[in-house]
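For reference, the chains in residue letters:
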Amino acid sequence: MINNYVFRKVKNRLFFVLCLACVVIAVIPLLSILYEVVSRGAPFLSLQFLTNDALHGGIGPAIQGTLILIGLTSLIGIPVGILSGVYLAEFGDNKYASFLRAINDVLTEFPSIVVGITAYSVVVIGLIGSYSPIAGAVALSIMLVPIVARTTDESLKLVPNSVREASLALGIRKWKTTLRIVVPAAKSGVITGILLATARIAGETAPILLTILGSNYFFQGFRSPMDALPLRIFRDARWDNPRVQAEAWGVALILILIVLSLNIGVRLAARGRFKR
Amino acid sequence: MSRLLDVGLEQLTVMVYRMGEVAEKAVDVSVRGFMNGKDATAAVREFSDILAAMTVEVENKAFELIVKYQPVASDLRIINSYMKIAYDFERYGRYAWDISFTHKKLTGLEKCIHPPDTIQKLIDTVCEMVSKSVQALKHNDGEMAKSLASTERKADELYFAYLDQIAETTTQDKCVMCNLLVSRFLERIADHTTYVGEAIVYISTGEKISLR
Amino acid sequence: MTSNSANIKKAKVESSSSGVKMQTINLNAWFGTKQALKDINVSFKTNAVTAIIGPSGCGKSTLIRCLNRMHELVPDSRFSGQVFLDGENVYAPGVDPVMIRRRVGMVFQKPNPFPTMSIYDNVAAGLKLTGARKGRDLDKVVRWSLEQATLWDEVKDDLKKAGTSISGGQQQRLCIARAIALQPEVILMDEPCSALDPIATAKIEELIVKLKEEYTVVIVTHNMQQAARVSDFTAFLYLGQLIEYGHTSAVFENPKNELTEKYITGKFG
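Protein chains in written order, with my numbering: chain B, 7 to 282; chain Z, 594 to 805; chain E, 1131 to 1399.
Bound-form chain B, shown alone (with noise of 0.2 Å):
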């Protein structure tokens, strides 16, 4: 009796051990990574290397390339991100809307080099006839639209329909329910879908690679090349120069940088929405 209680116990322990032991082993990959950006990049920050062009030893076009291609996303991706998700959650109980979200979960998971090629070939070749911001933009929101329309999706499905029908109940109609009851309500998780989308985004490489070439130069109007920080770190790390491919740190430091700043900046919204 008493054998196989402490036999139990070991058993316990062991598996507690164990699982513990699988986080240790998952979660040091990512912590050395970190240390190896942080310490090999930290001896670049400097003014100069953040605001010079290329030529003067700086990542200043790429900086601005990253934060251009940001925007331009958003302001294509989100409202289309949103309002399809909107669609899909209060519209979408018939089978058109189930199959559409299927082939939303597959969009989110799609290869990013496909969807970098379609955009070269479409928008570089097909509409624009040379590189451009604008195709980086419409690459990069081709990802960034499944995932916001997911999570705008999950995020209106959580609002209790209660809600919804107190506010049917009082003659407000369907469109103004969804807009001004639903979403609002829905929008901490809408707002959290669309900084971790943006903070994938901003990573990406091979959609921009095909779309925006990369360039030496600040942002030379929209029908040129551009640079972006992604695009920076794969050519300098390629470069034969030893002292090149050391700044490649630097310059997958500000891109860490800011990518981590989107998500805790998401946590700490998030906690503060719940200690009210």
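Accuracy of the hints is not assured; some may be wrong.
Pairs of lysine-lysine residues, derived as DSSO-like cross-links and limited to a Cα-Cα distance of at most 27 Å, are as follows [stated by the list, open to error]:
| id | chain 1 | residue 1 | chain 2 | residue 2 |
| --- | --- | --- | --- | --- |
| 1 | Z | 698 | Z | 767 |
| 2 | B | 193 | E | 1291 |
| 3 | B | 182 | E | 1386 |
| 4 | E | 1290 | Z | 801 |
| 5 | B | 193 | E | 1290 |
| 6 | E | 1258 | E | 1270 |
| 7 | Z | 801 | E | 1386 |
| 8 | Z | 731 | Z | 654 |
| 9 | E | 1270 | Z | 654 |
| 10 | Z | 801 | Z | 654 |
| 11 | B | 193 | E | 1258 |
| 12 | B | 163 | B | 182 |
Here are a few chain E residues that sit away from chain B, every Cβ distance over 10 Å (derived from the structure) [stated by the list, open to error]:
| id | residue |
| --- | --- |
| 13 | 1158 |
| 14 | 1175 |
| 15 | 1198 |
| 16 | 1205 |
| 17 | 1219 |
| 18 | 1235 |
| 19 | 1308 |
| 20 | 1315 |
| 21 | 1327 |
| 22 | 1358 |
| 23 | 1383 |
| 24 | 1389 |
Rather than coming from a laboratory, the hints here were simulated on the basis of the structure.
Note that the Cβ used here is the ideal one computed from N, Cα and C, for glycine as well.
Chains Z and E: place on chain B using the hints.
Below, chains Z and E without anything else, positioned relative to chain B:
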């Protein structure tokens, strides 16, 4: 499926049936004492006391059921009627005692000659009504309850007939005075049996009728 | 679809002059293939409280949702028959269901104030979002609604607090205030007290009795004592059919139908 209320209702019903039996006995014993010139006061007094105590018990039980179970429809009608019926049975007992007591006080141990025919008939009628009322209650027989109306008319007629008889005479015979009072008590018992009948009809139909 | 043609000829539409605010004639309702209501013919008198009682699943909620055209919002739902409000068929072609819902308000089982809005905004929501009222008028109406719902004194200093920050009973009265703000003619209540404690319930019951002076109230309840306490008329539904309808005191003292008797005395549940 037996409800919580059913247990209480069962207890209430048993109490009221028992009261009916005791009341019937009280009337029977007192009337027989009157007819045969015997002193039945003590025995009837005992019955009457039992009935008075049971009335209080029935009331308490009924209120307890109302407070606890908020009865409606037939349950509520039963409880309401049982309270009334318990009171009426208590009245049977009380008038029965009045009969015995009056008989003892006014005639002493003197045996009054057999009471006149009218009184005899009145006694028979009233005993029949008392018995009917208890039976109708036990079998929840609305028709039997309603038939008390006609019997009550008969009792009234006999009572008035006796009054007429006395109106003719000038005697101050104690027996006559006793008979007079006794006939009055009997007539009141008859009234109360009709109240019982009305309450019985109310239980099953929810109608409030008058049998008088 | 079952319809009794004799019934159709017999049932006539009563107007509000005879004291009837709403009436259903041969109302049938389905969820998919399951028939929830069978040939319901019932009327709801003006400025009176009518209670609808019956065991779970008997169609009580479905019935009141047919009165304010909320039933049709359920996918795969169907109905047949007519529902009259002041003598006019609310299902007539060309009638805007949204307009009906502004005249026939509804309060639900679980209090559901709008989660992102303050108490003030909750009460004003119906008005603002239906374009009915703007500006300073709003303050007056909000105050009036909260007073009618006997909630004003408790929240008058906290109007900007979130609608969900008050107790359950207060939230339910807030929902009632929100419904009243639109000045409907009929107020439908779907088991309004079932999520509340006895004291909050008592407050709402008092409110209901007060409301009938201005409105016609229809309340669905599974609590028979509540139906007996607050209503003037009671309708008993069983398996989608109307079994009995009458003055509450008559139904609870001496029901005409044996099934009603069995249900209200608890002989079946």
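The hints, checked one at a time:
Proposed proximity of residue 698/Z and residue 767/Z is supported: the alpha carbons are some 10 Å apart, at most 27 Å. Under the criterion of a C-alpha separation no larger than 27 Å, the hint pairing residue 193/B with residue 1291/E is consistent with the structure, at around 19 Å. Of the supplied pair hints, the one linking residue 182/B and residue 1386/E is violated, its CA atoms being roughly 48 Å apart against a limit of 27 Å. Distance check on the hinted pair: residue 1290/E and residue 801/Z sit about 58 Å apart at the alpha-carbon level, beyond 27 Å; violated.
At most 27 Å may separate the alpha-carbon atoms for a hinted pair to count; residue 193/B and residue 1290/E meet this at roughly 19 Å. Pair hint residue 1258/E plus residue 1270/E holds up; C-alpha atoms about 14 Å apart against a cutoff of 27 Å. This hinted pair checks out: residue 801/Z and residue 1386/E have alpha carbons roughly 15 Å apart, not beyond 27 Å. This hinted pair checks out: residue 731/Z and residue 654/Z have alpha carbons roughly 19 Å apart, not beyond 27 Å.
A distance of roughly 54 Å separates the Cα atoms of residue 1270/E and residue 654/Z; the hinted pair therefore is violated under the 27 Å criterion. Taking the CA atoms of residue 801/Z and residue 654/Z, the gap is near 24 Å; set against the 27 Å cutoff, the hint holds. As the CA atoms of residue 193/B and residue 1258/E are separated by approximately 20 Å, the hinted pair is consistent with the 27 Å bound. A threshold of 27 Å between alpha carbons decides the hint, and for residue 163/B with residue 182/B the separation of about 17 Å falls inside it, so the pair holds.
The Cβ of residue 1158/E lies farther than 10 Å from every Cβ of chain B, with a closest approach of about 22 Å, so its non-interface assignment holds. Against the 10 Å criterion, residue 1175/E stays outside the reach of chain B, whose nearest CB is about 22 Å from its own CB. With a cut of 10 Å on Cβ distances, residue 1198/E falls inside the contact zone with chain B, its closest approach being about 7 Å. At roughly 5 Å, the least C-beta separation between residue 1205/E and chain B is not larger than 10 Å, which violates its mark as non-interface.
The beta carbon of residue 1219/E is kept farther than 10 Å from every beta carbon of chain B, the shortest such distance being approximately 18 Å. A Cβ of chain B approaches the Cβ of residue 1235/E within 10 Å, the least distance being about 7 Å, so the stated non-interface status is violated. Here residue 1308/E does not stay apart from chain B, with its beta-carbon only about 7 Å from theirs, under the 10 Å limit. Every beta carbon of chain B lies more than 10 Å from that of residue 1315/E, the smallest distance being close to 12 Å; the non-interface claim holds.
Distance check for residue 1327/E against chain B: the nearest CB is about 20 Å away, which clears 10 Å, and the non-interface claim stands. Look at residue 1358/E: its CB is around 27 Å from the nearest CB on chain B, clear of 10 Å, so calling it non-interface holds up. For residue 1383/E, the condition that its CB be more than 10 Å from all CB atoms of chain B holds, with the nearest at approximately 35 Å. In this structure residue 1389/E is separated from chain B by more than 10 Å, as the shortest Cβ-Cβ distance comes to about 31 Å.
Checked against the numbered hints above, the structure violates hints 3, 4, 9, 15, 16, 18 and 19; every other hint is satisfied.
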